[in-house]
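Those protein sequence lines, which keep their order, are chains W and L. Mapping of the first sequence onto the working numbering: residues 119 to 586, in sequence order. Mapping of the second sequence onto the working numbering: residues 119 to 586, in sequence order.
It cannot be assumed that every hint is accurate.
Where chains are identical, the list cannot tell them apart; a pair therefore holds if satisfied intra-copy or between any two copies.
Claimed, not checked - Taking lysine-lysine and the BS3-like style, the derived pairs with C-alpha atoms no more than 27 Å apart in a straight line are:
1. 151 / 553
2. 507 / 553
3. 384 / 151
4. 226 / 151
5. 454 / 499
6. 171 / 553
7. 524 / 268
8. 171 / 528
In case anyone wonders, no lab produced these hints; they're calculated from the structure.
Now for the letters of each chain:
2 protein chains.
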Amino acid sequence: MAEEAAVRAQAEAVRRLKQDKADPDEIAKEVTKLLEMKARLGGDEGKHKFVLKTPKGTRDYSPKQMAIRERVFNAIITCFKRHGAEVIDTPVFELKETLTGKYGEDSKLIYDLKDQGGELLSLRYDLTVPFARYLAMNKITNIKRYHIAKVYRRDNPAMTRGRYREFYQCDFDIAGQFDPMIPDAECLKIVHEILSDLQLGDFLIKMPWEEVRSEMVGEKGLSPEAADRIGEYVQLHGGLDLIERLLQDPKLSQNKLAKEGLGDMKLLFEYLTLFGITGKVSFDLSLARGLDYYTGVIYEAVLLQQENDHVEDPVSVGSVAGGGRYDGLVGMFDPKGRKVPCVGVSIGIERIFSILEQRVEASEEKIRTTETQVLVASAQKKLLEERLKLISELWDAGVKAEVLYKKNPKLLNQLQYCEDTGIPLVAIVGEQELKDGVVKLRVVATREEVNVRRESLVEEIRMRTSRP
Amino acid sequence: MAEEAAVRAQAEAVRRLKQDKADPDEIAKEVTKLLEMKARLGGDEGKHKFVLKTPKGTRDYSPKQMAIRERVFNAIITCFKRHGAEVIDTPVFELKETLTGKYGEDSKLIYDLKDQGGELLSLRYDLTVPFARYLAMNKITNIKRYHIAKVYRRDNPAMTRGRYREFYQCDFDIAGQFDPMIPDAECLKIVHEILSDLQLGDFLIKMPWEEVRSEMVGEKGLSPEAADRIGEYVQLHGGLDLIERLLQDPKLSQNKLAKEGLGDMKLLFEYLTLFGITGKVSFDLSLARGLDYYTGVIYEAVLLQQENDHVEDPVSVGSVAGGGRYDGLVGMFDPKGRKVPCVGVSIGIERIFSILEQRVEASEEKIRTTETQVLVASAQKKLLEERLKLISELWDAGVKAEVLYKKNPKLLNQLQYCEDTGIPLVAIVGEQELKDGVVKLRVVATREEVNVRRESLVEEIRMRTSRP
């Protein structure tokens with residue numbers, strides 16, 4: 119350790135001399151000293167004890183996991199773009215005060231940065247508060263955007279169930295003053311599309327019955343028992359008919375607030391009917407969201423455990439998306455308190471990802487982690503230069519190609535590499551092929567081999583690897 | 119503020135009652151109280167003073183900036199995939215000790231997280247050290263991977279010149295025991311391909327002459343003046359010929375280290391010649407990299423300021439990529455010090471992004487921030503339901519479509535929205551069209567209008583918006 123510190127001190131000395139544009143001789147002398155010290159230190163690196171792990175509640179993504187993750191992201195981004203969303207990005211940390219007073223009790227889960235001088239910072243807890251800060255800061259009153267990024271919560275991790283301290287949120291929000299319930303309905307449509315696209319099995323989008331109930335009990339004077347009976351009925355059959363009947367209830371219809379609430383619900387269900395998704399949307403008695411900023415309709419999508427689930431060790435399912443209306447949040451950032459009505463949805467991909475990962479494990483599906491179309495190979499020795507020349511031609515033509523980093527690799531090893539990584543084609547150069555101006559193209563799956571004229575090789579590879 | 123705290127306390131009380139599955143009546147009562155308190159608080163939100171900014175050295179990306187950023191990422195990812203790379207991801211923070219002793223003097227620029235109990239954490243400073251940790255932790259001795267993610271440095275920001283405290287790195291690395299200089303040459307080829315693809319103007323990939331020089335001066339005993347004369351020559355004409363001549367120098371060729379170093383350089387330049395990129399690669403006397411972990415060839419790519427640069431306020435250019443060999447880093451994490459040779463390249467996109475952003479600003483190019491193909495519109499009132507029904511059909515068929523969130527928007531406003539956002543088509547529904555089973559499809563650019571049978575609409579939109 120002492121020696122390492124000495125090396126570092128020496129390196130710093132060299133750096134300083136260079137900065138000061140010192141005499142080249144002097145620099146050379148010091149650099150030499152540094153190199154000697156480094157050489158002496160040599161093999162001693164790596165003797166220290168390190169705890170080899172990622173921080174609690176976090177994980178790395180391996181190439182195979184990344185391949186699954188990218189499938190999920192593609193489905194989600196495709197949906198967000200289909201609905202005309204722009205995309206923004208914000209920093210991973212915010213001023214601490216930006217997050218203050220937005221998350222109630224959950225604020226204790228916020229990661230703070232150490233005070234190293236300067237501003238007090240915290241890692242973002244969600245993407246909604248940074249979005250509101252962005253709108254207020256840029257005086258934007260009208261935007262439809264998505265944002266996919268990691269958020270941070272010092273929660274108790276339960277990683278097998280997809281609960282992490284660092285996890286992705288995929289948010290889609292509509293900000294602006296619009297006619298009621300149209301953007302709200304679109305958000306629910308988006309959740310429906312994404313969960314259908316991902317083929318995760320059956321799901322349900324629940325909206326909390328509770329707020330409607332409290333209006334009826336607290337403000338209208340309906341007995342809690344009666345309200346609960348209605349609630350149970352709603353939970354079982356909740357939809358447009360039910361709302362219509364509640365609206366015709368003489369007791370309820372005299373109450374302005376209850377009527378307004380039910381009127382909004384009716385409008386929402388009418389739009390959901392036009393979107394053909396009422397079958398998967400219902401009220402729920404138990405739903406409550408912890409966040410302070412919601413002001414209107416809120417909802418949560420849950421996956422339903424399938425009875426005929428053949429997975430050995432099923433991931434416990436639960437909430438995979440949530441969202442709602444938060445008309446007051448932007449105003450909390452505006453110096454004059456100007457409000458921008460917002461409604462949005464957040465897809466939590468970690469649970470979705472756990473399910474898909476487990477499904478891939480259980481199936482025979484072999485996931486490719488590269489897109490390489492062709493391996494440039496040779497059967498004979500001393501052809502490294504020819505392989506490099508050919509692969510350079512392929513790269514320059516936009517072909518995805520690899521070569522083994524060996525002077526004289528065995529053909530068998532080269533073919534095995536293709537088997538292992540799923541590369542479909544091998545372009546083989548040999549003395550004879552070079553003389554004839556051809557390349558031998560081998561199809562890994564069928565072992566078929568054809569000689570292709572070198573000038574037609576790119577086209578041949580493209581043809582054979584283009585998806586039908 | 120006192121009232122807000124009271125609301126929060128009340129919300130917490132409700133939450134606790136629910137958790138404890140308390141009597142529904144009691145919950146209802148408390149919920150009602152909460153709603154009343156919220157109602158009283160009402161319009162008072164937003165009266166607090168917030169500093170509306172992102173943390174020092176960071177920024178948001180607007181939709182337009184994101185569009186440019188995605189172009190850059192696409193070019194880079196396409197190149198990385200063309201070279202057969204897999205992709206991984208690691209957490210944004212690491213255990214503090216993982217980063218300790220890797221960055222020399224620059225360690226003071228590392229962001230630490232506050233000690234909130236549990237592990238001591240730091241934000242990642244680059245992607246190389248997490249990569250080495252990942253390899254050692256998973257005992258991987260052989261991988262070619264890329265990783266694109268944000269890194270964090272408490273440096274003095276100079277944002278107009280593209281220097282940030284939060285910035286992206288795009289890393290491509292090859293780990294494994296291979297024949298010398300083949301992976302190294304591929305890394306330089308990759309830098310060359312990416313900088314060419316992005317059309318950033320002229321560039322040069324510089325390798326430091328300094329280490330070769332120190333070997334000659336320090337170990338061989340060549341006079342510094344002589345070495346510098348060689349160095350100047352190298353800088354001007356550096357390439358294969360020069361290395362050959364140096365190798366034939368009787369003084370140098372007797373020195374084992376110098377000969378080995380020059381031999382490796384010769385091999386590298388031979389491969390670069392096969393890749394056709396020696397024209398952009400040269401030695402540089404001044405180059406020095408601050409990081410401790412490099413062990414062999416290191417390089418840096420710089421953009422060259424063009425003489426005929428018509429940009430009014432040119433971004434000062436500089437290093438846009440760098441990398442090298444770090445054979446010792448993985449061993450520092452391995453309990454037994456087992457080494458995994460690595461070589462890699464890191465593309466710094468912030469400067470590239472600044473240049474492209476400025477170029478877009480200067481040009482007339484209008485960048486679309488959405489991909490919407492069609493706006494579903496109507497000229498008459500009371501057709502919201504019909505618009506929602508049609509757009510739902512289009513979404514379900516995979517068409518990217520938008521609708522204005524107004525009950526009765528004016529046709530002019532709907533057409534203006536298309537002009538503003540670059541939506542190429544408008545699908546117009548009206549009483550007559552509904553009767554006839556058609557939709558009027560309007561091409562925004564030409565104002566051409568055709569009636570399309572409803573069942574052919576999706577195909578017609580696809581045909582008209584598919585890229586040639």
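Structure-based check of all given hints:
In this assembly of identical chains, residue 151 and residue 553 lie within 27 Å of each other by CA distance neither inside one copy nor across copies; the values are 53 Å within and 90 Å between. Proximity of residue 507 and residue 553 under a CA criterion of 27 Å is satisfied intra-copy only: 15 Å inside one chain copy versus 65 Å between copies. Taking the shortest alpha-carbon separations for residue 384 and residue 151, only the inter-copy value of 26 Å comes in at or below 27 Å, while the best intra-copy value is 81 Å. In the homo-oligomer, the alpha carbons of residue 226 and residue 151 lie at most 27 Å apart only across protomers (25 Å), although the nearest pairing inside one protomer, at 51 Å, exceeds that limit.
Taking CA atoms no more than 27 Å apart as the test, residue 454 paired with residue 499 passes in neither setting, with 76 Å inside one copy and 36 Å between copies. In this assembly of identical chains, the alpha carbons of residue 171 and residue 553 never lie at most 27 Å apart, being 54 Å within a copy and 66 Å across copies at closest. Proximity of residue 524 to residue 268 under the C-alpha cut-off of 27 Å is found in neither arrangement, the shortest distances being 39 Å within a copy and 34 Å between copies. In this assembly of identical chains, residue 171 and residue 528 lie within 27 Å of each other by CA distance neither inside one copy nor across copies; the values are 37 Å within and 59 Å between.
Of the numbered hints stated above, those contradicted by the structure are hints 1, 5, 6, 7, 8, listed in ascending order.
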